[in-house]
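Visitor: Protein chains in written order, with the working numbering: chain B, 1 to 258; chain D, 1001 to 1258; chain F, 2001 to 2258; chain Z, 3001 to 3258.
Bear in mind the hints are in silico, worked out from the structure with no lab data behind them.
You may find that some hints are simply not true.
Below, simulated DSS-like cross-link-like pairs (lysine-lysine); rule was C-alpha separation at most 25 Å, straight line [unchecked claim]:
1) F:K2250 with F:K2233
2) B:K95 with D:K1020
3) D:K1031 with B:K31
4 protein chains.
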Amino acid sequence: MAQSKFEYVRNFELDDSILKNCWIVIRIDGKGFHKFSSAHNFVKPNDNRALDLMNVCARAVMGEFGDIVMAYGESDEFSFVIRRSSSLYSRRSSKLSSCIVSLFTSHYVWKWSQFFDFPLAYPPAFDARCVVYPTDQNLRDYLSWRQADSHINNLYNTCFWALVQKKNLSCKEAEAQLKGTLSDYKNELLFSEFGINYNNEQPRHRKGSFLFRTTEKVPVLDKRTNSTTLKQKKVIQEVHQDIIGDQFWKERSFLLDP
Amino acid sequence: MAQSKFEYVRNFELDDSILKNCWIVIRIDGKGFHKFSSAHNFVKPNDNRALDLMNVCARAVMGEFGDIVMAYGESDEFSFVIRRSSSLYSRRSSKLSSCIVSLFTSHYVWKWSQFFDFPLAYPPAFDARCVVYPTDQNLRDYLSWRQADSHINNLYNTCFWALVQKKNLSCKEAEAQLKGTLSDYKNELLFSEFGINYNNEQPRHRKGSFLFRTTEKVPVLDKRTNSTTLKQKKVIQEVHQDIIGDQFWKERSFLLDP
Amino acid sequence: MAQSKFEYVRNFELDDSILKNCWIVIRIDGKGFHKFSSAHNFVKPNDNRALDLMNVCARAVMGEFGDIVMAYGESDEFSFVIRRSSSLYSRRSSKLSSCIVSLFTSHYVWKWSQFFDFPLAYPPAFDARCVVYPTDQNLRDYLSWRQADSHINNLYNTCFWALVQKKNLSCKEAEAQLKGTLSDYKNELLFSEFGINYNNEQPRHRKGSFLFRTTEKVPVLDKRTNSTTLKQKKVIQEVHQDIIGDQFWKERSFLLDP
Amino acid sequence: MAQSKFEYVRNFELDDSILKNCWIVIRIDGKGFHKFSSAHNFVKPNDNRALDLMNVCARAVMGEFGDIVMAYGESDEFSFVIRRSSSLYSRRSSKLSSCIVSLFTSHYVWKWSQFFDFPLAYPPAFDARCVVYPTDQNLRDYLSWRQADSHINNLYNTCFWALVQKKNLSCKEAEAQLKGTLSDYKNELLFSEFGINYNNEQPRHRKGSFLFRTTEKVPVLDKRTNSTTLKQKKVIQEVHQDIIGDQFWKERSFLLDP
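Put together the whole structure using the sequences plus the hints.
Guide: Below, the structure is given as structure tokens:
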């Protein structure tokens, strides 16, 4: 069978390599997760089981791809940041996106039962896109954009579900009451109507989850001497704090190493 | 929180729309499936459970995306063919690739236990690439390339595992014996040494799996009259036959409709 | 001087190869030719000197690049069609566009004095874009689009300048009179007011210029026998006729050879 | 004439916008200038008339496009650097390349007679490519690469033509003598054989031409008071000096403003 006769079709693949020396962000996003979260009775406004599952999948992806130096997740999305000097998969956009989204999805389904005590009703899917940032500032602004977006959504959702769950408003009524209101109004609403100080809500809900590679001093037992010493160990750390201001980055300048 | 200050980063997304009026092929491929198939004791040279699982996942993907008119699978890879006039996701390459590979992976993990009576040792991943073909002939040549490739690999693997399993050769020895040999030699080897007529091997192993949308006449019972009539119903048909020659396409010219 | 230290910057060039087996159209277009044609007192609505110059430049480009099989020009634009199987410059988009537009421009300035008896007031420029068409029908529709556009513009301009030149309307008045009118109105206007039967206008103004490679039988004198024989010779032929209908292409089916 | 029927072909144009916040370099390069320089008897190794013409064309291009902040030229090539924040032509790669190369070519032909006292034998052409650099360091390294390349070529050419012109070697013999030699050898050859101290050669030949936008204080006469004052004026300055070291850039840090 003359394979060579057909092999010319390989040359129709076009190169989709990403410009060198730029930060690469692969953002994955749940497809139809409004329906998915309803079908699986996610707690509203935030389901910690679902968030835990997202984060553990993100850790698995970071464990597989050493060039992902940090990742930011909120709700049903996660952004993976690949260091600017990376040559992973020759920086081919489709290869990077597809491997990351496939591995994430695979872990999501596989680990579902570790976080939920009922089975998946149907298999979920995520899409992925690849965005490229030439400067450290552009990358920080990207992460700030996602965290600001997370904040806006979470404040809204906290109000919305308080109105629905505690005041028995219909979804339409809650939507109508919140339409066009500013942050101040929402903070005041939460406080005066529901006794909720938004700033005391769980940090992971307000700030999302930021994962990054770092080293930690961990105690190691020397069996011969029976003494314990501290050794540096590579870990993926998870924080739920402001990543918009300079403070966070000043303390972790290594994150922006090329 | 001034989100607008950061929103400019959205404009760094580059357009990756695919040229109109071309066939779009999304090919997914198992990552590290040599190791994966060993870790899960796949029957060699072909594990029908694994092939069944691949095909059922491909069907699920075709069920979700109506613009996929056909798909060809072999071993741990599947090629999905999107009709040339499709405007699915505005023909954005990364969106198409990522949604298909994610959904496929999700079904693979979710449906594993329908085909295997032991759990996954670890979650598998697939990569995806997008290739574009301007003419019907180019598309047919692509599919021919994959089927020819499948044939070459399967003939080799059938010999290899016969030598290993039935003649107790080591993998290295089997490899050495087959190195550089032609098809005729391999056919003869199978017949004379193992009594195997390669052409009688299972069609799905020799030809791979071709899935395509078609309509079938199915009997429908009219409850009032208690009579049965035949009605057209849309189905995804699966065949294991030659798709290189013209015959297959002459009989199904609708497959190449734009 | 350590050149190697800097040579890494070459790797920032991204591949812009065009999909194989597609028609490649490079369209060049005069930059600011409204001003340019005024500055050089082009005859309105059509200046045959300027059109002759455009065509002779297009011929020079076709003479240089054998893979350009046809070209269509009107006003200050020209579309060059590169055959679908071409591998000229490895089908790199920027290389093809830039070489063609540069050579065209160079000839335009160099040959100006062959067509105008006064010098250029300032050097003109053209832009270039590259568009890709997967099927013969798409390519024909592209050429039809340009010819239809040419027709619409020329009918309008013929009316406009008749009103200005023969009825002494101001440009604003002429514009106002023609605004929103259909072809029928314009044809009638030309006939009743100016005695012009639009269909008798010069074909090159109504249809634009289509250049294509063909062979012609030319008489060749054999000096020994003093007899004349006809021999095939490659020529670039220029026609001014309808290229929208099928007739033109039926008679020259070779134009669409890959 | 139903234009709308064909207008769909416009949608086949693919977006080729360049990533934001990156330096854009358009490098043009003479096509077949080995032959062109012979045909026009360019002085070897450097023809100041030809270099003057290149520079005056580059100035014209910079005059037309205000977003080009600097340009570096040597031999028959010129690199134009567009500032990183530019939105000229929506950063469309083909538009930028084609407009620049066309305008450059147009001036080259138009201004030829200002520098040469004989006419062009035939019209020259240039190609253009677009390269993108994310950081200031990458851009500086690009310019260093071109200047280092220029140095290597000019040192070689100075030796080569000295051997040919002053020692009557054939081109082949000169090539053979220089093959594989290092800079030290070439410097020594020039000094000992021809009394040439390479460092005293014209800076424009050794360093190429760097053009950049700056402001200059120019004396302006106030007619009323008949006194002269200095006013800032925008100019394009031309220098022939080292742009590899830090000194040049420290003194002109504004060049790297976004």
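Visitor: If a hint holds in the structure, say so; if it doesn't, say that too.
Guide: Hints versus structure:
Simply put, K2250 of chain F and K2233 of chain F have alpha-carbon atoms about 22 Å apart, close enough for the 25 Å limit, and the pair holds. With a CA separation close to 23 Å, the supplied pair K95 of chain B and K1020 of chain D stays within the 25 Å bound. The hinted pair formed by K1031 of chain D and K31 of chain B meets the criterion: a straight-line CA distance of about 23 Å does not exceed 25 Å.
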